[in-house]
Amino acid sequence: MPLSPSELSRYHRHIALPELGKAGQERLKRARVLVIGAGGLGSPAALYLAAAGAGTIGLVDFDRVELSNLQRQVLFDGAALGRLKTEAARERLLALNPDISVAAHTLTLRADNVLDVLRGYDLVLDGTDRLATRYLVNDACVLLGKPLVSAAIHRFEGHAMTYLPGSGPCYRCLFPAAEEGVVASCAEAGVLGVLPGVLGTIQATEAVKILTGIGEPLVGRLLTYDALELRFVELPVTRRADCAVCGDHPSITAPRDSGEVCEPATASQVRRLAAAALHELLAVEETRAGLILVDVREPHEFATGHLDGARNIPLADLERRLGELAAQRTPVFLCRSGRRSLTACALALSRGIEAPAHLEGGLLAWAAEVDPQFEVAAG
Amino acid sequence: MSCTVRIPSPLRSYTAGASMVAAEGGSVAQVLASLERRFAGIRFRMIDEQSRIRPHIRLYVNTTEVTALSQAVATGDIVHVICALSGG
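Note that the protein sequences, when read in sequence, are chains A and B.
In our numbering, each residue's number is its place in the first sequence (first place is 1) plus 273.
In our numbering, each residue's number is its place in the second sequence (first place is 1) plus 174.
Bound-form chain B, shown alone (with noise of 0.2 Å):
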């Protein structure tokens, strides 16, 4: 299944500064791994050693917040990855 990924300002200098990226995966944690294996490192940054996700980072599946990594992904959905920004 093939989605797109909203990837955060913070990140995008994973992303060669693309803020949509398609991604594949039938669950959060696979659409992360999809990231992962294009864009290195970008998982780390969003999730801890303990698979969990970092508490500046939120995730959604639409609008629908994810909690847990086997959230279900749909063709055509849009994950958005949300990351804590500090400037003012």
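Okay, chain A solo, but in the shape it has when bound (with noise of 0.2 Å):
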């Protein structure tokens, strides 16, 4: 696929490197490289691939643009908002380099069709913000042999870490598990804006290295970035005899979907309660009585504002004090979102606790629909 005289002029300072040269940039166009999550990583990530010249970029986002996104989100500006990421970015991509094509996928990604997507490349780049999605797709890159890299963020922290197949350790040798709610998200946390932008990047150069085949890949390294203290770590990482997907004898030989917050059957014995019908239970005595209010944020979160009565367990920590909780008042879990209350609510059950309650929508639900003044900490 040879270079047209204006891409030999725009990617002038690629060929001018011995190491990629004319050829590696031909090889760049002949790239397709899917990206996973327009967010803050995707951002970098798919704005430097398409300058780099990747001749095929696909973005798989299911959200549309907001204006809490534009803190770190470089592909969007307020333009944007409320659009699908999926087609603002790829105007954005398009107008930066028009002689490449970009895939809009917009979509959640599952297990009956992440293969379908996933298949059309040569190369993924994870920057989800979903951990059950992070393993969905590591699972699919190691049965279809893709190299996957991958980087996640929290705060001012982040890692990075690229997989091969075949060569070294996948994200279940690094992790074999995590539950959704325990690892908190950044929408719970918070996350420092320019953060994504280095860990994005960093994977941006590591899709151009492993395409164009020069210098040595971030494999079986974990590099950990810290942006307080500006200083990198990177730590080994072997691959697992046992691990369930690239183990000697593997578990998993079909992608599955797992991690959900909730099962259906367990969904089903949750009480949900909305904002507002939480604030008539509480408003009588009788039935405030019956109730044990409970929030699973983080002690600091607790601590800029919570429920009159309230007491905090963190998630992480429930499953050791559940017997803090009377057995014969109904718990009332809480959080930010309602994401954390309802694993709360299926750690419960899970525990014969008989049918827990949730604030749905959390605390959030709350400050808008009951307490304008209630203030829900960022993380």
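Source of the hints: derived by calculation from the structure; they are not laboratory data.
By construction, the Cβ of each residue, glycine as well, lies at the ideal position given by its N, Cα and C atoms.
Incorrect hints may have been included.
Each pair of labels, with its calculated beta carbon distance range [to be verified]:
1) B:246 - A:545: 49 to 55 Å
2) B:194 - A:418: 39 to 45 Å
3) B:246 - A:563: 50 to 56 Å
4) B:252 - A:277: 49 to 55 Å
5) A:296 - B:229: 41 to 47 Å
6) A:644 - B:189: 29 to 35 Å
If you want the ones that stay clear, here's a sample from chain A, every Cβ over 12 Å from chain B, calculated [to be verified]:
7) 282
8) 296
9) 309
10) 440
11) 486
12) 488
13) 576
14) 641
Partial list, derived from the structure: chain B residues whose beta carbon lies under 10 Å from chain A [stated by the list, open to error]:
15) 188
16) 211
17) 215
18) 239
19) 243
Combine the two chains into a complex, taking the hints into account.
Below is the structure:
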């Protein structure tokens, strides 16, 4: 696939690098890269890949652009508010480089579609904000033999690592399992806006290196970055022989949905209280006495503002402290958005607590519908 | 023996935001017990009821992965606590 005169000019600084050269740039032009999540990580990664001349870029996201995204998601501007991220991003990338093609996959990756979406690409960049998707994408990459460049962020800290099937560990070797809710998301904990800029460009760097066959990939080395200390640390990670997907005797041989906050069977046993309904229950002394409010957020979130009478048991401590809940009272789990509280309900049910309740929409809903003065910590 | 423990972002609510804290002990188990005495509740975020390292946590002594809590820690060592991050 020869480069046009315009492309030779556009990519001159790449072609001037002997390690990359014209042949490397032609390889980039032929390359098909899938970016999962057009968010904080996906934004800089996709922009640099487009600028670098990656011939086909796929974008997976189901969300729309919100004002709170613009603090870090540099693909978007004010004019994109309310638009589908995939469509707004596609326009932005093509404006940057009209010589590439951009495919929008406006969907949620699931076990029944992940292989079809990934199959058309040479390399995958994972910048999702859902743990379940991280495992799903990892498993699909192992099963399809696709290279995966992964990164994740939280507050001021980031991780990056590259997984090459058949060479080194996979994401499940790094973390065999993780539960949604136990590991806080950026929405709950906050994130320094420039942090994903650092990690996303590392992902793009890895992608360019792997696609052009230069340098040493970040395989078997977990790179951690602490923005507050401006410190990078590299730690070795080895393949696990007992890994569920890339191990010697894998138990995962097809993609599967996992890590959902609450399985359907569990969800049906949870009493979901709207903010107004909880407010009514708390207003009557008799019903209030039958409830125990359990705020499962982190202590610093609890300190910013909490409902009267609520006790703080962070989700990660809940399993150990379930005994503190009086058997004759119905626990009502509370958190910021309703996600951790639903996980708390599932845990309570699994330990024999009947009909736990949670505040649907979390304390954000409480602030929006019941008490506008109530301050909800960002995390 | 005194070492330094690097605390991951999701657990810094236990250490008043500190990313590096001093701890005592000649083994990983002792270092974690020392941490727990200063920052109640932090050990359970890393270690389950069966004294296993939780699957979303990795521990290192310097650059050696911890596979058993009996692993030795020497004066001046850095114990890294790595926690899975989910943000994107």
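Do the hints match the structure? See the list:
For residue 246 (chain B) and residue 545 (chain A), the Cβ-Cβ distance of about 50 Å falls inside the hinted range of 49 to 55 Å, so the restraint holds. The beta-carbon spacing between residue 194 (chain B) and residue 418 (chain A), approximately 40 Å, falls within the hinted interval of 39 to 45 Å. Between residue 246 (chain B) and residue 563 (chain A), the C-beta spacing of about 53 Å keeps the proposed range 50 to 56 Å intact. At about 52 Å, the CB distance of residue 252 (chain B) to residue 277 (chain A) agrees with the hint of 49 to 55 Å.
A hinted range of 41 to 47 Å holds for the C-beta pair residue 296 (chain A) and residue 229 (chain B), which are about 43 Å apart. Look at residue 644 (chain A) against residue 189 (chain B): about 32 Å separates their beta carbons, and that is inside 29 to 35 Å. The claim that residue 282 (chain A) lies off the interface holds: its Cβ sits roughly 35 Å from the closest Cβ of chain B, which is beyond the 12 Å cut-off. The Cβ of residue 296 (chain A) lies farther than 12 Å from every Cβ of chain B, with a closest approach of about 33 Å, so its non-interface assignment holds.
With a least beta-carbon separation of about 8 Å from chain B, residue 309 (chain A) fails to lie farther than 12 Å from that chain, contradicting its non-interface assignment. Annotated as non-interface, residue 440 (chain A) keeps its C-beta farther than 12 Å from every C-beta of chain B; the closest such distance is 19 Å. Distance check on residue 486 (chain A): its Cβ is at least 27 Å (rounded) from any Cβ of chain B, clearing the 12 Å threshold; non-interface status holds. With a least beta-carbon separation of about 21 Å from chain B, residue 488 (chain A) lies farther than 12 Å from that chain, consistent with its non-interface assignment.
With a least beta-carbon separation of about 10 Å from chain B, residue 576 (chain A) fails to lie farther than 12 Å from that chain, contradicting its non-interface assignment. Distance check for residue 641 (chain A) against chain B: the nearest CB is about 24 Å away, which clears 12 Å, and the non-interface claim stands. Interface hint status for residue 188 (chain B): upheld, as the beta-carbon distance to the closest one in chain A is roughly 8 Å, under 10 Å. A least Cβ separation of about 17 Å between residue 211 (chain B) and chain A goes past the 10 Å threshold, and the interface hint is therefore violated.
A least Cβ separation of about 6 Å between residue 215 (chain B) and chain A falls short of the 10 Å threshold, and the interface hint therefore holds. Interface restraint check for residue 239 (chain B): the shortest CB-CB distance to chain A comes to about 7 Å, inside 10 Å, so the restraint holds. A least Cβ separation of about 17 Å between residue 243 (chain B) and chain A goes past the 10 Å threshold, and the interface hint is therefore violated.
When each numbered hint is compared with the structure, violations occur for hints 9, 13, 16, 19.
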